[in-house]
Amino acid sequence: MRHGKYPFVIGFLAAPVLLYSVFVIAPYAQAFQISMTNWRGLSAPKWVGFDNYRQLVEDHRFWQAIQHHLVLLLALPLITIAIALFFSFMLNVAGKSSGGKRSGVWGSGFYRVVFFFPQVLAVAIIAVLFQTVYRPNESGLINGVLMKIGLDPILFLVNPNIALWSILGVLVWQAVGFYVVLFSAGIASIPGEIYEAAEMDGATRVTLFFRVTLPLLWDTLQVAWVYLGIAAFDAFAVVAVLSVDNGGPDGATTVLALEIYRNAFTYSKYGYASAMGVALFFLTITFAVFTLRVTKRESVEY
Amino acid sequence: MSVTPDKPSDLSRRIVLQRAAAAGLLAVPAAGLLSACATGGDGDTQEQSEGTKSAENPFGVKEDAALEVVIFNGGYGDKYATDVHEPLYKAKFPKATIKHEASQAISTVLQPRFAAGNPPEFVNNSGEKSLDFGALVADGQLQDLTELWDAPSVDDPSKKVRDTVVPGTVDVGTFNGKPYVLNYVSTVFGLWYSGKQFKENGWAPAKTWEEFTALLDKIKAKGITPFGYAGANAPYYVWNVILTQAAKIGGPDVLKNIDNLEDGAWTAEPVKQAATAWAEIGAKYLDKSFEGLKHTDVQLLQNQYKVGFYPSGDWLENEQAKDTPPGFEYQMMPLPSLTASDKLPAGTVRATAAEGYFVSAKSANPRGAMEYMRQMLSTAGAKGFTEVVKSATVVTSGSTGYAFPPGVASSQAALAAAGQNVVNLFFDGWYKELDTEARTATNELMFGRIKADAFCERIQKKADAIKKDASVTKFKR
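First to last, the sequence lines map onto chains V and D.
Per the numbering used here, the first sequence starts with residue 1, numbered consecutively.
Per the numbering used here, the second sequence starts with residue 1, numbered consecutively.
For the record, the hints were derived by calculation from the structure and aren't laboratory data.
Given the structure is predicted, the values throughout are model-derived calculations rather than measurements.
Fair warning: there could be bad hints in the mix.
FRET-style restraints, in silico, Cβ to Cβ [what the hints assert, rightly or not]:
#1 G75/D to R293/V: 50 to 60 Å
#2 G144/V to E280/D: 28 to 38 Å
#3 K474/D to V114/V: 56 to 66 Å
#4 Q104/D to I154/V: 27 to 37 Å
#5 V105/V to G75/D: 50 to 60 Å
Reference listing, derived: stretches of chain D covered by chain V, where coverage requires no fewer than 3 residues with Cβ under 8 Å from a Cβ of chain V [unchecked claim]:
#6 105-114
#7 231-244
For glycine and all other residues, C-beta sits at the position ideal for the given N, C-alpha and C.
Modelling step: build the complete structure from the supplied sequences, incorporating the hints.
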């Protein structure tokens with residue numbers, strides 16, 4: 001088939017590359033172009049150069065949003081991965097071993113399904129759900145109980161000191177299930193003999209986890225970290241639906257995507273919003289490249 | 001990781017990169033999303049239909065030209081358009097086809113149409129996702145309605161349309177001297193309470209600040225939250241209260257200065273006094289948890305007799321009709337006077353023509369849409385609207401002989417009693433960024449995180465920034 005190689009390759013590549021250019025690269029390029037204009041969304045835009053970026057640097061809300069992304073960027077992957085690792089270890093390895101085959105704790109089949117539930121729900125639905133969970137008066141799921149037993153309600157989304165953490169809680173709750181499944185798949189592919197050998201040498205569960213599971217899961221963890229980092233740059237739907245006064249109180253929970261939305265669709269400042277979008281684009285790309293570089297290490301072959 | 005490929009490290013690296021790229025594209029949709037609306041449509045006006053002008057047809061509407069009507073499907077629904085206004089137009093031009101569309105997100109639906117240069121003729125631009133009137137005006141998208149206001153009215157050809165509406169109606173829709181927007185619904189703002197609850201407890205509406213706080217104390221003693229508003233999505237209900245109070249203290253110019261972005265308009269003494277007074281109400285009589293509630297939640301609490309006063313406009317009664325228990329009897333009280341030296345008396349209210357409608361200048365049949373507006377402004381059009389949504393229109397003859405429900409009846413009575421002492425403000429429609437800042441600052445003030453001085457200064461700072469921003473079109477009144 002040597003003679004038909006190039007037409008074949010080109011035929012297969014051309015269509016996806018074309019689609020990708022038209023629907024992905026072109027809009028991105030256009031976002032760069034719009035960010036240099038003062039387009040208000042209606043008539044032809046005027047070129048203003050780097051004016052929007054100059055304004056961006058002075059924008060208090062923009063920096064507030066970046067700050068929140070940094071918090072989420074550290075906390076979301078750490079917490080989610082820690083919980084998901086623990087769960088998947090318990091589901092797959094922590095139980096009895098019978099005939100060299102390790103299994104999870106009792107009832108792991110059931111938990112496996114339950115943990116995945118949040119992943120099935122749309123993000124907007126989850127946000128609406130948590131409105132009820134976090135509601136600050138007696139009709140809230142948590143505060144209703146607290147107030148029944150005579151405690152003061154916790155103002156989850158209203159107290160500026162805990163509002164962002166309340167949002168983070170929802171993001172973690174929603175994400176954990178997926179990573180439990182991801183890590184379970186990773187753990188399942190670790191050969192049983194390794195566990196068996198380690199056990200014969202007298203390894204405890206803790207040792208098994210830290211000396212066997214964790215190193216052999218490295219690649220999966222890396223993927224999870226990149227995914228979650230990128231999720232930390234989004235968080236739009238949850239913040240938009242859940243937070244009070246759109247990213248409030250006083251911007252305490254705002255994120256870049258929300259500011260982009262606000263500037264574009266509330267203030268009709270499409271040029272300025274595009275500049276924010278471009279900033280977000282670079283932040284995300286930088287993060288992905290940075291993470292892959294930092295976590296680069298030799299895989300263990302087995 | 002998974003399976004057993006020849007070179008596992010190689011494969012996983014590639015998968016990681018692929019996934020990272022894919023996830024990256026999913027996570028930063030905003031940039032692409034924005035440009036998806038594309039910057040097309042540059043001023044090429046499409047061909048517009050024109051018929052012959054006559055006394056019956058003052059705008060020269062082409063009889064069979066199609067008309068597209070887009071209605072915001074919110075508090076007033078869209079039944080008034082399909083059942084009243086569109087049949088009126090159809091009766092006049094039987095050959096015309098009307099395309100009706102209702103939407104809860106006007107800007108989402110229409111923004112691309114404007115960008116592409118084929119906007120619908122007639123639009124009810126309202127709701128959370130409305131188009132920015134200022135941007136539309138600045139872009140020349142709106143039809144100058146001078147011709148409409150000067151046309152003979154449907155009911156009495158000797159009268160101009162502008163003489164059949166409540167004074168001030170044309171001004172409310174005027175941007176820098178030209179009328180572009182028809183604000184159709186007459187709206188009165190005040191503090192709302194249950195007539196039944198007040199009667200049962202022997203409480204009476206207050207005229208002075210001392211009476212007011214004494215009343216709030218009495219309500220509190222009953223275990224009822226004396227004053228409530230929703231911090232989650234409706235803090236503007238309270239900046240409206242604070243500014244109306246400021247206008248009562250210092251006269252209507254306080255609000256005019258704010259609208260005109262005058263230096264120091266927000267830090268003026270009357271605004272500070274009003275903010276101080278209302279911050280105290282917030283500290284003493286407001287439930288902290290309300291900051292996390294939506295307007296419908298708090299309104300429902302009031303319907304359950306758990307909230308005393310609720311600040312709102314007179315759409316409230318219609319909005320809550322389904323949840324209001326029988327006998328609740330909504331009543332509206334104008335804001336009490338703060339001091340004896342207030343410039344305006346206790347009965348002063350903020351009243352305005354609200355709910356904006358416009359004609360697209362660049363649509364195919366703007367003449368038809370103006371005729372549609374003229375029909376809306378006829379007695380039949382206004383009466384029909386009032387009967388469907390139980391709210392008064394700006395057409396003076398539209399509500400004569402109509403028995404309003406108790407709430408609107410009380411707000412209409414308050415408006416009549418106020419006489420000339422009616423104030424209004426416009427900045428929120430002109431500068432949405434200033435509105436947002438005022439909302440945020442209002443929550444900060446009312447829930448005790450900042451003091452009145454800081455409240456005034458931070459909004460002033462935003463006003464100054466907007467004043468300096470050359471890309472924002474400025475409006476004056």
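Hints, one by one, checked against the model:
1. G75/D to R293/V: 50 to 60 Å: 54 Å, holds
2. G144/V to E280/D: 28 to 38 Å: 30 Å, holds
3. K474/D to V114/V: 56 to 66 Å: 58 Å, holds
4. Q104/D to I154/V: 27 to 37 Å: 33 Å, holds
5. V105/V to G75/D: 50 to 60 Å: For V105/V and G75/D the Cβ distance comes to about 54 Å; the hint holds.
6. 105-114: Holds: 4 residues of the segment 105-114 of chain D have a Cβ under 8 Å from chain V.
7. 231-244: holds (count 4)
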